[in-house]
Amino acid sequence: MSDIMTPIPFGNLMNWILKEHEKGAVFGIKRPFVADQSKNYEIFGRKLETPFGPAAGPHTQLTQNIVAAYVAGSRFFELKTVQKLDGEDLPVAKPCIKADDECYNCEWSTELYVPQAFDEYVKAWFACKVLAKEYGLGAMDGFQFNMSVGYDLDGIKTEKIDKFIEGMKDASAAPVFNECRQWLLDHLDRFEKVTKEDVESISPEVCNCITLSTLHGCPPQEIERIARYLIEEKKVHTFIKCNPTLLGYEYARKLMDDMGYDYVAFGDFHFKDDLQYGDAVPMLQRLQALADEKGLEFGVKITNTFPVDVKQNELPSEEMYMSGKSLYPLSMSVAMRLAKDFGGNLRISYSGGADYFNIEDIVDAGIWPVTMATTMLKPGGYERLEQIGQIFAGKDVAAFEGVDGDKAAALVEAVKNDKHHVKAVKPLPSRKIKKPVPLTDCFVAPCQEGCPIHQDITRYLQLAGAGEFEQALEVILNKNPLPFITGTICAHNCMSKCTRNFYESPVDIRRTKLEAAEGGFEAVMAKFEKPAVTTDKKAAVVGGGPAGLAAAYFLARGGMKVTVFEKEEKMGGVVRNVIPGFRISDEAIDNDVKIVAAMGVELVTGKEITSVDELKKEYDYVVLAVGASDKGILKLEAGDTMNALDFLAQFKATDGNVELGKNVVVIGGGNTAMDTARAAKRNKGVEKVSLVYRRTRRYMPADEEELVMAVEDGVEFAELLAPVKLENGNLYCKKMVLGEFDASGRRGVVETDEIVTVPADTVIAAVGEKVPGAFYEECGIVLDSRRRPQVNQDTLETSVKGVYVAGDGLFGPATVVEGIRDGKAAAEAIIGKVLAEDLFKQSDADTIYGRKGRLAEENDQIIDSTRCLSCNSYCENCVEVCPNRANISLVVPGMDKHQIIHVDYMCNECGNCKSFCPWDSAPYLDKFTLFANEADMENSKNQGFTVTDAAAGTCKVRLQGKVTDYTVGSANEDVPEGIRKIIAAVINDYSYML
Numbered sequence: 001m002s003d004i005m006t007p008i009p010f011g012n013l014m015n016w017i018l019k020e021h022e023k024g025a026v027f028g029i030k031r032p033f034v035a036d037q038s039k040n041y042e043i044f045g046r047k048l049e050t051p052f053g054p055a056a057g058p059h060t061q062l063t064q065n066i067v068a069a070y071v072a073g074s075r076f077f078e079l080k081t082v083q084k085l086d087g088e089d090l091p092v093a094k095p096c097i098k099a100d101d102e103c104y105n106c107e108w109s110t111e112l113y114v115p116q117a118f119d120e121y122v123k124a125w126f127a128c129k130v131l132a133k134e135y136g137l138g139a140m141d142g143f144q145f146n147m148s149v150g151y152d153l154d155g156i157k158t159e160k161i162d163k164f165i166e167g168m169k170d171a172s173a174a175p176v177f178n179e180c181r182q183w184l185l186d187h188l189d190r191f192e193k194v195t196k197e198d199v200e201s202i203s204p205e206v207c208n209c210i211t212l213s214t215l216h217g218c219p220p221q222e223i224e225r226i227a228r229y230l231i232e233e234k235k236v237h238t239f240i241k242c243n244p245t246l247l248g249y250e251y252a253r254k255l256m257d258d259m260g261y262d263y264v265a266f267g268d269f270h271f272k273d274d275l276q277y278g279d280a281v282p283m284l285q286r287l288q289a290l291a292d293e294k295g296l297e298f299g300v301k302i303t304n305t306f307p308v309d310v311k312q313n314e315l316p317s318e319e320m321y322m323s324g325k326s327l328y329p330l331s332m333s334v335a336m337r338l339a340k341d342f343g344g345n346l347r348i349s350y351s352g353g354a355d356y357f358n359i360e361d362i363v364d365a366g367i368w369p370v371t372m373a374t375t376m377l378k379p380g381g382y383e384r385l386e387q388i389g390q391i392f393a394g395k396d397v398a399a400f401e402g403v404d405g406d407k408a409a410a411l412v413e414a415v416k417n418d419k420h421h422v423k424a425v426k427p428l429p430s431r432k433i434k435k436p437v438p439l440t441d442c443f444v445a446p447c448q449e450g451c452p453i454h455q456d457i458t459r460y461l462q463l464a465g466a467g468e469f470e471q472a473l474e475v476i477l478n479k480n481p482l483p484f485i486t487g488t489i490c491a492h493n494c495m496s497k498c499t500r501n502f503y504e505s506p507v508d509i510r511r512t513k514l515e516a517a518e519g520g521f522e523a524v525m526a527k528f529e530k531p532a533v534t535t536d537k538k539a540a541v542v543g544g545g546p547a548g549l550a551a552a553y554f555l556a557r558g559g560m561k562v563t564v565f566e567k568e569e570k571m572g573g574v575v576r577n578v579i580p581g582f583r584i585s586d587e588a589i590d591n592d593v594k595i596v597a598a599m600g601v602e603l604v605t606g607k608e609i610t611s612v613d614e615l616k617k618e619y620d621y622v623v624l625a626v627g628a629s630d631k632g633i634l635k636l637e638a639g640d641t642m643n644a645l646d647f648l649a650q651f652k653a654t655d656g657n658v659e660l661g662k663n664v665v666v667i668g669g670g671n672t673a674m675d676t677a678r679a680a681k682r683n684k685g686v687e688k689v690s691l692v693y694r695r696t697r698r699y700m701p702a703d704e705e706e707l708v709m710a711v712e713d714g715v716e717f718a719e720l721l722a723p724v725k726l727e728n729g730n731l732y733c734k735k736m737v738l739g740e741f742d743a744s745g746r747r748g749v750v751e752t753d754e755i756v757t758v759p760a761d762t763v764i765a766a767v768g769e770k771v772p773g774a775f776y777e778e779c780g781i782v783l784d785s786r787r788r789p790q791v792n793q794d795t796l797e798t799s800v801k802g803v804y805v806a807g808d809g810l811f812g813p814a815t816v817v818e819g820i821r822d823g824k825a826a827a828e829a830i831i832g833k834v835l836a837e838d839l840f841k842q843s844d845a846d847t848i849y850g851r852k853g854r855l856a857e858e859n860d861q862i863i864d865s866t867r868c869l870s871c872n873s874y875c876e877n878c879v880e881v882c883p884n885r886a887n888i889s890l891v892v893p894g895m896d897k898h899q900i901i902h903v904d905y906m907c908n909e910c911g912n913c914k915s916f917c918p919w920d921s922a923p924y925l926d927k928f929t930l931f932a933n934e935a936d937m938e939n940s941k942n943q944g945f946t947v948t949d950a951a952a953g954t955c956k957v958r959l960q961g962k963v964t965d966y967t968v969g970s971a972n973e974d975v976p977e978g979i980r981k982i983i984a985a986v987i988n989d990y991s992y993m994l
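Take 1 as the starting number for the sequence shown in full-length UniProt numbering and just add one per residue.
Think of the hints as simulated: they come from the structure by calculation, not from any bench. None of the values given here were measured: they were computed from a predicted structure. Among these hints, one or two may not hold up.
[As the list claims (entries may be wrong)] Lysine-lysine pairs mimicking DSS-like chemistry, simulated, CA-CA at most 30 Å apart:
1) Lys19 x Lys311
2) Lys416 x Lys98
3) Lys395 x Lys432
4) Lys19 x Lys770
5) Lys39 x Lys311
6) Lys725 x Lys770
7) Lys530 x Lys570
8) Lys254 x Lys735
9) Lys169 x Lys254
10) Lys98 x Lys981
11) Lys30 x Lys196
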C-alpha cells in the first residue's frame, strides 16, 4: 500500500458529488448546513457566512476534504501549508496523527507537490461555489480561502511558491481553472439551479490573504522580512502564526501540570530558541503600521501547534506537535496577552482546541475566524461543524471592533477547571476489542463487547429512552439477575468503552440500568412466572454473593431445583456485608435477592458449608462461590496493620464507630482502598485520612470515579511513598520518584533514601485478598501454583466432577459483573445449553445519524439514554474520522447492515482511523479495499479488489493473500457471498468511485 494520495480529476469529483447527493449525502455529510445569507461577517474585504472552518492541516489538503467541510458549515478555509519541500522530497513518518484524546501529529505541510496542491484548491473553489447555489447552502461568495505558506523567505521566493501565491491571487491563466470552468459549462444539464451566468461569474481571485507559518527557531528578523515581503511585494492581507512558546517555559509547564498534563514532556529549548515575547510585540506593531499604510489587514494566527517529546511511542518520530484540548489554554493565554498589550487592536485569528463547547465564547471575545482540526478528527468528523454552524445561524453580526482582553482572560481562567480540557485523573483505558476487524458486518457496540456478561446495552437504552422501563428491565434480566446492585456499584467497563467518550462524556449506562430497574421492578415482579423444574437433578450453590446468586438464577431458569447456602444472616456477600452503606443501600440488595427468589431458588442463610462431600450426597452439582476470603497481609518492619475488609465489615456493623484514632492511613490504590479511605473519613473520631501509594494517582488501579469521590470526601493522597514501619503515631515511608516510561507507556518507580512521615494512629492495608486455597484442598480440588483452583476455562468445573467455582474465589477479587459472568458460565455448563440469547434491534437510521457529530451533555432537555449512538447498528467511526473520505459506508443489497470499504487511492496512511476503530485493527490496513488499478493492488498487502472492466463486471480479488479473477454474478467459492455483494454494489451503485 502506498501513502501517496491520488488527486481526483474535477469531472470525476463533480460526478461523485452529484451521484452521492442522490443518496442523501456529499462525501459522507448527511446534514448539510444552510447559511443565513442575510447575516455575514466580513474580513479581507469579503463576506463570510460563518466565522469558522478547518485549519491548515489534514482537512484542507484535498478537494473532497474542503468540499466536505463546506457542506458541513465551514466558510473560512485555511488551506494546508505549502513550502519548497514537497511531494516525495517531504519526509513524513506514518502514521502521523494520534487524536484519541489531546491530539498529536508529526506532519506539517502538504504531502502533495505544490502544483498539485494548487489544483486541489482551485477545484475546491469551483466545487464549493456551485454547491452553494445548487443545494441552497449559501451565497456563492459567502466563503473564503486563506493561503498558508512557509517556512523561510528564500523558500517563499522560489519560483514554485511564488507561482502558487500569484496563481491563488489570480488563477485565470491556470489550466485547472479553465478545466473546471469548462466542465461546468459542458454539464449544465446536470444542475437544476446553477446557470451559465453563475459559472462565468466565478472569480479567478481565489485568495487575497495569507497566513505565514514559520518553523520553530525562526529568528524575529526573518519573520519580519517575510511578512514585509508578503505585504509590500505580494500585496496580500497577512496573518502571522504565533507559537505557544511566546508564553515562556515556566508558564507553559505550570499550566500543563496544573491541568493534569504533567506527563507531556517538553524542555525549554524551543522556548529559548523561538521568537521571544519581548521581540514579538514591537515587531507586530511595526508590521501592523506597515499594513495600515498599504491598506491591508494584518493580524496574528494563534497558535501553531506545540512541540513535545515522544515518550510513549505515540508516533514514529522523536518529536511531535500537540494540539486539541490541551493546546487551548496555551493558545488562549497568548491571545489574552496580545489582546491586552495591543489594547484589542491587533486582529487575532484562532486555532488551538476550539470546538462546539468554546467557540461561541471565543468569537464573542472578538477572536475570529476560528479554525479547527482536532475536533473533526474525532468520531462525528466533519459533521461536528454543522452543530457549530447552528450556533451562529441567524445571529446578528457586528463588524470587528477589536479583541476583548478581559473576555480572553476570563476564558483562560475558566479553562483551568473545564472538564472538557482538564485531563482525566487516570489515563484513558483502551477502548479496543481484542479481536481483528471483520471484512464484513463489522459494526459492533464497544460497550456491549466490554461488558463481561455481554449485556444488551443498546437495546435497553433504546427502551429506557422511550420510557419503556418494564421492557428495558426484562432485557436486562435476560443476562443480569442483579440490576439494582450493578445499577449502583458496577465497575461499568461498558462506559469506559462508550464511543461518546470521544465526544464529551460516556452515556451513563449504569444509571440508566438502575432507572430501568426502579421503573420496571413492580410491573416485572407482578407478572413474574417461576420457571418449571424440568430435571430431577439438583444443584447447591455455596455463597450468596453476586456470583452465587447469579449461578442460582440461571440454574433455575434452566429448569433445575437449586439451593443457595449463605453463612451470614442475609444474602448479598461482600456487597451486603463489606461495601459501605453510602455506596449501596440494603433495599437495593434486597430487590435483587427478591428477583432470584422469584425464580424458585431456595435461599438458606446462617449456614456455613464446610464439606463439599456432604453436599454431594444430596446434590448432583455444587457451585462454590465462596469469595476471596483469605486476608491479604502487609507486614511492616514495625507495627501492625488492619485488614481493609475487616475494617469495612466492622464499619458497617457498628455504623461507623470503629476505634481508629484521629489519624488513619490507608495503604493501597485500588477500589477497595478508596472505599476504605472514604469509610474511614466518615468514621467517628477520625480527623484525617491519608492514602499512601508508591506511585501517583495516575497509576493507581482504582477507577477514576472512585478516585474522584475519594478526593471529594476529603481523603488526602500521599503519593510516591512506600510504607516501612509504624512507630510513635507515625507511618514512616520511603520517598519514591517516577522513572522513565517503559514500552507500554507506564512509568516505573525508583526508591530514594528520603524518609517521609505520615501521622497514623491506625494503618489499614487494602492490598488484595486471596482465594481460600486450604478450603479447596480440603474439598479435594487440585490447585495451581498460586493456590487457585484449577478449572476448565470454559465450564469452570474443577478437578472434582460436578463441582464448579465462580466469582472472587476463582482467581481472586473481581467485579460484581465478572461474578455474574462466572455464575452464568457455571450454570450453562451444568444445564448444557446457552441460557441467554442476544437481544438486538436495529436502531432507526435517521435517529442515529441525527445524533452523530452532535456533542451533547445530559441536561433537562436531553435524556442520557438518547445520547446513545447505537454503534452495533451504525458504527462508521472510521468513515467519520477520515479527513480524506477514504473509508466509505455502503448500502449493500441483501445485507442487513451497512458495509465499510477502504479506498486506497484517497488514503495517505495518516492512521487516524486506527485510533477510533473499536476493533484491534487499523481500517486503512485491515478493511476490504478498493484499488484504482492492478499496480496499486500489487503495491499493497490489503485484502481487496480492483475492477478491471466495469461494464463486464470483472475484477481481481485478493483474500488471505490469494488473488482470484472474479466476475460479478458468478459463483466463486474463493470469494465469500458477503464480499461478492459488496463488489456488486460498488460496480452497480457506486460506480463514481471507480
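Against the structure, the hints:
Only pairs whose Cα atoms come within 30 Å are accepted, and Lys19 paired with Lys311 is rejected, the gap being roughly 46 Å. For a cut-off of 30 Å, the pair hint linking Lys416 to Lys98 stands: about 24 Å separates their Cα positions. With a C-alpha separation of about 42 Å, the suggested pairing of Lys395 with Lys432 is violated against the 30 Å cut-off. At most 30 Å may separate the alpha-carbon atoms for a hinted pair to count; Lys19 and Lys770 exceed this at roughly 64 Å.
Between Lys39 and Lys311 the alpha-carbon distance is near 47 Å, which puts this suggested pair outside the 30 Å criterion. Between Lys725 and Lys770 the CA atoms are separated by roughly 24 Å; this keeps the pair inside 30 Å, and the hint holds. Note on Lys530 and Lys570: the hinted pairing holds, with a Cα-Cα distance of about 22 Å set against a maximum of 30 Å. For a cut-off of 30 Å, the pair hint linking Lys254 to Lys735 stands: about 23 Å separates their Cα positions.
A hinted pair counts as satisfied when its Cα atoms are at most 30 Å apart, and Lys169 with Lys254 does not qualify at roughly 43 Å. Our distance criterion of 30 Å between C-alpha atoms is broken by Lys98 and Lys981, whose separation comes to about 34 Å. Between Lys30 and Lys196, the direct Cα distance comes to roughly 28 Å. Compliance with the 30 Å bound is thereby established for this hinted pair.
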